[in-house]
Amino acid sequence: MSEIRVRFAPSPTGKVHIGNIRAAIFNWLYARHVGGKFLLRVEDTDLERSTPEAIKALFECMEWLRLDWDEEVFYQTRNVKRHLDCVEKLIADGRAYKMEKTSRDGKTGEVVMFRMPKEGVLAYDDLVKGHMEKKAEDVPDFAIVRSDGSPIFHIANVVDDIDQRVTHVIRGDDHVENTFKHLELFRALGAEPPRYGHLPMIVNQQGKPYSKRDGAAFVGEFREQGYLPEALFNYLLLLGWNPGDEREVLTRKEMVELFDITDCHVTAAKFDIKKLQWMNGEYIRRTPKEEYKKELEQRIAAAGLEVPAGFDMDLLAEQLQVRTKFWNDIPGNCRFFFTDDFEFDEKAVAKRLKKDGVKEILLDMAERFGKLEPFTAAAGEEMVKELSQGNGMGSWVHPIRVAASGKGEGIGLFEMLELLGREKTVARLKAAAERL
RNA sequence: GGUCCCGUCGUCUAACGGUUAGGACACCAGGUUUUCAUCCUAGUAACAGGAGUUCGACUCUCCUCGGGACUGCCA
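For what it's worth, the working numbering labels the leading residue of the first sequence as 63, then goes sequentially.
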């Protein structure tokens with residue numbers, strides 16, 4: 063009868079780690095799959111790091127990945143009184159007790175400890191890992207209130223889950239051991255505990271938890287580098303789950319339909335940036351033409367480049383789309399169309415221009431392109447093809463490309479020249495010849 | 001050290017006791033192409049090891065080895 067309610071409960075520290083956001087993704091998908099509620103709880107008890115900016119960054123990150131949540135955001139700091147009330151109840155019931163304790167860093171004070179069962183077996187069925195159990199004697203009592211009177215994670219987390227009526231807790235593998243404690247807390251507070259599912263960790267090539275030392279580790283970094291949110295989302299989903307057939311690139315709709323938390327993997331997954339890069343290219347190629355063009359124009363404008371009137375943006379878009387791996391590549395790839403202030407690639411110059419006969423070819427081509435009618439890609443190609451007499455256009459094409467764009471590779475040469483226009487084409491061929 | 005979890009190509013994974021152990025990324029070879037990409041075709045590459053159970057084991061059991069998590073007045 064009851065609706066399924068899951069939550070994403072990050073500590074807002076300004077940056078959202080990919081392992082963390084994956085937990086959000088899995089929670090979101092599960093909620094959408096079963097038609098339940100996806101709640102957001104901000105565990106902002108670390109007053110130093112939980113700034114309004116950090117919370118804003120968190121929201122932006124969620125928005126970017128289109129992880130929309132239901133109901134009001136729940137702020138943990140606003141529930142502190144409830145946490146402490148619950149602790150009082152536990153003490154009154156004999157499930158918690160005060161104790162002098164010395165912390166690791168040598169401070170001594172009175173904390174509140176939660177009393178765990180001393181014998182028997184603690185067990186639960188994990189949604190992804192299956193049956194889990196531990197001897198009660200292996201899980202000692204633990205602190206729930208600090209000597210300064212502030213509630214500790216365990217109690218805050220459980221009380222908030224009770225208050226938010228969370229039915230399924232899907233979180234990282236590092237919380238497995240806590241689950242035995244949390245389950246007892248729920249029961250001691252007279253609440254029905256939720257079902258738990260623990261997601262495997264994302265690790266680096268060495269099998270250690272993936273961190274900033276291993277490369278981009280925060281969602282914002284992927285965004286800055288020009289990854290598409292859908293590509294990151296899709297890739298992260300594949301780390302620990304698959305649709306059951308051989309599809310890998312899935313629409314959001316398919317993901318929601320097919321996802322189930324019980325199909326998730328148990329083993330840690332190594333983060334493979336190469337595959338993410340491939341997937342990003344795949345998403346860019348699948349972007350509808352018009353949308354790609356819009357992004358292209360936007361990126362060009364953002365780079366401070368001015369597009370001349372009459373520039374055939376459709377042609378550029380068509381040519382560039384299959385060659386774009388990251389949105390960020392765009393300005394570098396087409397800067398030379400819009401300004402004469404661009405770099406020449408040394409290697410390309412050495413390989414294609416600094417050769418006998420190239421100067422003559424460039425001057426000759428400047429002349430011919432100066433007269434070419436009409437000045438189109440098709441006409442240009444036909445002209446060079448004729449000159450080459452079927453022996454390959456390489457000796458013309460390569461020097462022209464480098465002379466005109468400064469690069470050894472790029473979009474189709476003749477399309478490139480058409481976009482550049484007669485005037486610039488001729489000028490650049492001549493200029494390059496002069497320099498030889 | 002203790003407790004718990006895990007172990008299929010380099011990586012992500014498929015396999016519900018019977019397959020030439022499949023796919024994807026990466027890599028590599030070839031084709032298309034003016035370059036670079038895209039696209040198409042082909043290839044290299046894995047059941048951690050050992051005992052069982054079974055007619056038959058990647059699939060079940062046990063042991064060994066290996067990896068990881070936890071073992072806070074952090075979350």
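Watch out, some of these pointers could steer you wrong.
[To be verified] Straight-line alpha carbon distances no greater than 25 Å define the calculated DSS-like cross-link-like pairs of lysine-lysine that follow:
#1 K77 - K336
#2 K163 - K243
#3 K270 - K336
#4 K447 - K417
#5 K486 - K416
#6 K486 - K413
#7 K417 - K469
#8 K160 - K274
#9 K387 - K351
#10 K180 - K196
#11 K77 - K492
#12 K99 - K315
#13 K447 - K416
#14 K417 - K332
#15 K413 - K492
#16 K118 - K337
#17 K387 - K469
#18 K270 - K332
#19 K274 - K351
#20 K433 - K492
#21 K151 - K243
#22 K469 - K486
#23 K421 - K433
#24 K151 - K163
#25 K355 - K486
#26 K270 - K337
#27 K191 - K99
#28 K469 - K355
#29 K315 - K274
#30 K492 - K409
#31 K118 - K77
#32 K191 - K163
#33 K351 - K332
#34 K336 - K274
Derived by calculation from the structure, the hints in this document are not laboratory data.
All of these numbers come straight from a predicted model, not from anything done at the bench.
Checked hints:
1. At roughly 23 Å between alpha-carbon atoms, K77 and K336 fall within 25 Å of each other, so this suggested pair holds.
2. Note on K163 and K243: the hinted pairing holds, with a Cα-Cα distance of about 20 Å set against a maximum of 25 Å.
3. Annotation: proposed proximity of K270 to K336 holds, straight-line Cα distance about 18 Å (limit 25 Å).
4. Proposed proximity of K447 and K417 is supported: the alpha carbons are some 21 Å apart, at most 25 Å.
5. Of the pairs offered as hints, the one joining K486 and K416 holds, with about 21 Å between alpha carbons and a cut-off of 25 Å not exceeded.
6. Only pairs whose Cα atoms come within 25 Å are accepted, and K486 paired with K413 is accepted, the gap being roughly 23 Å.
7. Distance hint between K417 and K469 is fulfilled; the C-alpha atoms sit about 16 Å from each other, no more than 25 Å.
8. Note on K160 and K274: the hinted pairing is violated, with a Cα-Cα distance of about 40 Å set against a maximum of 25 Å.
9. This hinted pair checks out: K387 and K351 have alpha carbons roughly 15 Å apart, not beyond 25 Å.
10. Distance restraint check for K180 and K196: the Cα-Cα separation of roughly 12 Å lies within the 25 Å cut-off, and the hinted pair is therefore satisfied.
11. Among the hinted pairs, K77 with K492 is inconsistent with the structure: their alpha-carbon atoms are about 51 Å apart, more than 25 Å.
12. A distance of roughly 17 Å separates the Cα atoms of K99 and K315; the hinted pair therefore holds under the 25 Å criterion.
13. Distance hint between K447 and K416 is fulfilled; the C-alpha atoms sit about 23 Å from each other, no more than 25 Å.
14. Using a Cα cut-off of 25 Å, the hinted pair K417 and K332 is violated, with the two alpha carbons roughly 47 Å apart.
15. Restraint check for K413 and K492: the C-alpha separation of about 19 Å stays at or below 25 Å, so the hint holds.
16. A distance of roughly 30 Å separates the Cα atoms of K118 and K337; the hinted pair therefore is violated under the 25 Å criterion.
17. Annotation: proposed proximity of K387 to K469 holds, straight-line Cα distance about 17 Å (limit 25 Å).
18. Between K270 and K332, the direct Cα distance comes to roughly 9 Å. Compliance with the 25 Å bound is thereby established for this hinted pair.
19. For the hint linking K274 to K351, the alpha-carbon distance of about 35 Å lies beyond 25 Å, and the restraint is violated.
20. Only pairs whose Cα atoms come within 25 Å are accepted, and K433 paired with K492 is accepted, the gap being roughly 14 Å.
21. Our distance criterion of 25 Å between C-alpha atoms is met by K151 and K243, whose separation comes to about 17 Å.
22. Distance check on the hinted pair: K469 and K486 sit about 16 Å apart at the alpha-carbon level, within 25 Å; holds.
23. This hinted pair checks out: K421 and K433 have alpha carbons roughly 19 Å apart, not beyond 25 Å.
24. Taking the CA atoms of K151 and K163, the gap is about 21 Å. The hint holds against a cut of 25 Å.
25. Pair hint K355 plus K486 holds up; C-alpha atoms about 23 Å apart against a cutoff of 25 Å.
26. Pair hint K270 plus K337 holds up; C-alpha atoms about 19 Å apart against a cutoff of 25 Å.
27. Taken as a hint, the K191 and K99 pair is honoured in the structure, with Cα atoms around 23 Å apart against an allowance of 25 Å.
28. For the suggested pair K469 and K355, the alpha carbons sit about 23 Å apart, so the restraint of at most 25 Å is met.
29. Pair hint K315 plus K274 does not hold up; C-alpha atoms about 31 Å apart against a cutoff of 25 Å.
30. For the suggested pair K492 and K409, the alpha carbons sit about 20 Å apart, so the restraint of at most 25 Å is met.
31. Proximity of K118 to K77 is assessed by CA-CA distance (about 10 Å); at most 25 Å being required, the pair is judged to hold.
32. In summary, the hint linking K191 to K163 is not supported, as the alpha carbons are separated by about 35 Å, beyond the 25 Å threshold.
33. With a CA separation close to 34 Å, the supplied pair K351 and K332 exceeds the 25 Å bound.
34. Of the supplied pair hints, the one linking K336 and K274 holds, its CA atoms being roughly 17 Å apart against a limit of 25 Å.
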